[in-house]
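**Q** Chains as they are written, first to last, in numbering that gives the first Met the number 0: chain S, 0 to 327; chain D, 0 to 327; chain H, 0 to 327; chain F, 0 to 327.
By construction, these hints were calculated from the structure, which means they are not laboratory data.
No copy labels: a pair is met if it fits in one copy or bridges any two.
Below, a list of computed lysine-lysine pairs in the BS3-like style, where the Cα atoms sit at most 30 Å apart:
#1 LYS292 x LYS2
#2 LYS146 x LYS96
#3 LYS64 x LYS177
#4 LYS278 x LYS38
#5 LYS76 x LYS144
#6 LYS292 x LYS144
#7 LYS144 x LYS217
#8 LYS146 x LYS292
#9 LYS144 x LYS96
#10 LYS38 x LYS76
#11 LYS2 x LYS58
#12 LYS217 x LYS292
#13 LYS292 x LYS58
#14 LYS64 x LYS217
#15 LYS262 x LYS2
Nothing here was measured: the structure is a model prediction, and the numbers come from that model.
There are 4 protein chains.
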Amino acid sequence: MKKSILYKNMNVYLDLAVEAHDLLRGERGAEVSGVIMDKEQLEDIVVTTITITNQQGEKELGRPKGHYITIDAPAIKDNDFHDHKKVIEVMSKHLSKLFQFKEDSSILIVGLGNWQATPDALGPKVVEKIMVTRHLFYYTPEEMKGKMRKVSAISPGVLGLTGIETAEVIRGLVEHVKPDYVIAIDALAAGALERIGTTIQLADTGINPGSGIGNYRKGLNQETLGCKVIAIGVPTVVNAAVIAHKTIEEFFGQMESEPVLAKIYNEENQQVFLNVMNKALSPFKDSLMVTPKEVDDLIDRSSRIIASALNLSIHPGISADNYETYLQ
Amino acid sequence: MKKSILYKNMNVYLDLAVEAHDLLRGERGAEVSGVIMDKEQLEDIVVTTITITNQQGEKELGRPKGHYITIDAPAIKDNDFHDHKKVIEVMSKHLSKLFQFKEDSSILIVGLGNWQATPDALGPKVVEKIMVTRHLFYYTPEEMKGKMRKVSAISPGVLGLTGIETAEVIRGLVEHVKPDYVIAIDALAAGALERIGTTIQLADTGINPGSGIGNYRKGLNQETLGCKVIAIGVPTVVNAAVIAHKTIEEFFGQMESEPVLAKIYNEENQQVFLNVMNKALSPFKDSLMVTPKEVDDLIDRSSRIIASALNLSIHPGISADNYETYLQ
Amino acid sequence: MKKSILYKNMNVYLDLAVEAHDLLRGERGAEVSGVIMDKEQLEDIVVTTITITNQQGEKELGRPKGHYITIDAPAIKDNDFHDHKKVIEVMSKHLSKLFQFKEDSSILIVGLGNWQATPDALGPKVVEKIMVTRHLFYYTPEEMKGKMRKVSAISPGVLGLTGIETAEVIRGLVEHVKPDYVIAIDALAAGALERIGTTIQLADTGINPGSGIGNYRKGLNQETLGCKVIAIGVPTVVNAAVIAHKTIEEFFGQMESEPVLAKIYNEENQQVFLNVMNKALSPFKDSLMVTPKEVDDLIDRSSRIIASALNLSIHPGISADNYETYLQ
Amino acid sequence: MKKSILYKNMNVYLDLAVEAHDLLRGERGAEVSGVIMDKEQLEDIVVTTITITNQQGEKELGRPKGHYITIDAPAIKDNDFHDHKKVIEVMSKHLSKLFQFKEDSSILIVGLGNWQATPDALGPKVVEKIMVTRHLFYYTPEEMKGKMRKVSAISPGVLGLTGIETAEVIRGLVEHVKPDYVIAIDALAAGALERIGTTIQLADTGINPGSGIGNYRKGLNQETLGCKVIAIGVPTVVNAAVIAHKTIEEFFGQMESEPVLAKIYNEENQQVFLNVMNKALSPFKDSLMVTPKEVDDLIDRSSRIIASALNLSIHPGISADNYETYLQ
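Please build the complete structure, drawing on both the sequences and the hints.
**A** This is how it looks when you write it as structure tokens:
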């Protein structure tokens, strides 16, 4: 039973490149061509960088060339500000590598997602906490110089609230605000419960619709917006199909001593498992999300961490000693 | 494999009396003593009334004596206000039966749950939409007479936001406001995905902690509050253990032609299935909720329906022709 | 003491064309050239239409050619939904005259102002209550046909929240959404307390910065957006300088029997009165707003009226019998 | 023209004891019996302590015996976090003097006012930012010991939202939560524009209705709640009658060289000035508030300062080095 095929049939998209890569390598038992993985272990934080280097890698992983940095830190989920500080510093360091700021670079921060739906509200929550400075340059350009960069920030809402595609709103904005960087923040769907509220992904490839390769025109990326687009995300949900699938896997795991079951597992055509999953998730299927009750706390904590790391990496006048002061 | 035992082990509580009753009857293949069920079919709406008549029924169903009315209407979920009107009228009729209003009866409406967490925000959303009238009786008692009853409404928040048990807040309020009825609105957890956003439960037994029998001192009920307590709820989530369990059931359903599997299913001790479910839901287990992406829309619609039905059944001066006007 | 000159010095701008016109006519004792006024009395509602017909009128009134319709109805302020219905129907009728809809016309509704500041939140509140339909045309175009027009709606926030000029956001949006009409909703500043929460102004000239004539490039109007722009506003505040000025006027009114005071009033140079007003309003001056404590109720009521009238005039499938149903 | 009599007639109540005291001393040209005033100047912060020592002082100042500490610091209004730190430390020091904490003291923080109305939202904004700890003592009492005290916090809303008097809600809560201290936060009305957003008043006398002496039963104070009640407030508005009155004063100030005007000012009976003010503020009168456009920023800043100072003075484990970390 190939997980990758089941997931495709159930419309389960893995937002984290690191998960898509693990899945592929696992099923194949070999390195994926055109993809380089690098791991860095820092005390309680693991940073994994996936670099897609060519078209082969793009096709295999279903996402464009570029860097996908995953910060894994169980501390994100806990209410310990001391540990958050370490995460903020690591994240800020990696963000700084993705940016090539000039003194007068300007940044537009976009909070994707629906502010009325808790697990989807990460983007708008970060935007609320970010310090906006662009308009201050009209009034006191001298005071700002060398200390702050121009930051604007907006949460464009979702199609159901506004009747307008988010990408349309952002494109219109970018043409007028003309930022050097767009930073798009979005809640992600993970492939494993463990990742909810414990992982941050940074990518210099923008946000691209799940369908992937060859269809970049609908995304928020350099091709469509004309400027560099950094994407930041935290998993807040897992597609319910992942739970259904994992239940089957665990069942066969428990039963592996039964030879007849091992046989079923190996021989069974995918359709049977697809039927099982579809029935278990009926009548909702695609739109069913699994999320812990405490997701509002997780989003509150991760949005503080992201906003802090952004303030810290964007503005020369903000340091590890004073970044908390600039949280709105 | 007994679903009732698995659910108990996984801390899955069925908030709907009708589901608890179905489960029990199904496993037992017989009527449950001390419980009467009555069904009424109205076009696209089914109203099921479970009446627990004695201690035996209380023990079996794990909830106190009284009436549990379930309104099943797929229309609640849809965006068709014409169909909503029918649901509102049916609900209002049944609410009126639960109340024995006098002309000067006063009602305190309590929105339970966390307004910051979408699937839990049903109660606060209803409170926002309810017309509050109690204070108007100070100023224009004559104008209100015969048309309106005294309604006050509050959303006390949750323990994590205030540091105070909801029951403490409500008890304090009731001692001072001295209402004749408390109506408590809460989001529920169902045992089946089909029920999310399509079912409304009314009960004249108040809200009682899942543990059930013999421990009513912590609930919101006549014993603790000293006045009649009506509970109104709509399922907005399903415990993720329900999905895991249903996946296993569907797998064995698909495989029933394999005799060896039927044997496993029937002989297997509960522990194996418990292990499977626990691993599939690790590391969250209890707190994992499954909810459709569109839960904010579902809550918006059901809170309009509940607030409308409450306005309609409480106030003599509000009729089926004008109730929309009084939605806040 | 010329009110118009004092107001100019104190940066008091009269958002209502009808007030600017009254002031001018009053000081001049004659009709204003290039301006036509028409009054219609309907029971408790007065509708005044100011039409600026040429450049002379533009210059005199400090605003562009077009129609400014003022609906005066004390009932807007009261909590009587029966009376609101009449206002909604009158407003809807006048809106329909300003629009020349085709079957497939599309409309972008823009809620100007700051949703965090009560007296400024009128626009965002209307946007919350408006039914958005544009995205439904992707999915069920046949069902919508002939019943609904395409409506999108957004509240772009204010400069201090986003760092971006509202006009920049709107221009970007319009280029992508390409609506036939933009409807911009904004809270207004009146010249008289009586108008707070009792007046609605409709204009087919868009929103133009106070500076007025010759500088339309910064406004939201046909010149800058390339489509017709309807502006809708309700006064929610009065500049504090209006109170200071009215106090002086009332004082001299009470004292008119004292010849020495009449002399002072007539001879006194403007500077003395300006000094008095400036000192009375120090240290805030320009930014000081006067608003009744109940402004949140007033905004709630007027935003319901505006959203209802918009739904009613835009969609063929919505009538006076069912518009309440479509309020979000 | 006696300001105190005019204010009484116009229902202008001065929430700040320091303003009421200044007014009285000014008109009388002498110390007020039963009232002691003490001033402390610290760089850019002035702390004035008014102590009412006996019934004579109570009657004169129209408020109960106790301490009223006013912190005047223009920096509160500005967006400079460095200066805020100084204010937070001064405020925290004075709060600590008002409290006599034991290790296990518990505190209930009450955010008075309407969260839907900007200038009234100070209390709810502080409550949002306060760290709530009371419920943590159930789970990890050992971890909390010696570092944290038990804090619960609630915003009970206003009469128009809930239909319940705030005092009823609070009394009910206090009977169940049984705190050692209630801290009530409320937005205040000042007698001078300069004080908006620049002054914090602390009082150990609770919150008492404007009517004052002899009617403490309706307030939130030790008599009604049975525990010590600390009140904290920041002026966010000025009654519009204050502006009208100041305009008249400034006019006579400008005109003092005209002997006839000095005569009018001195001889004129109060009724003329009352008529002027009433007409200038018609049709609203009492409920008209003057507030700067930027009041939402002022409330945001002062609520951060208050929440920080509370965290700092309540919890032994929070110090000047880390209080920002505990802001929610």
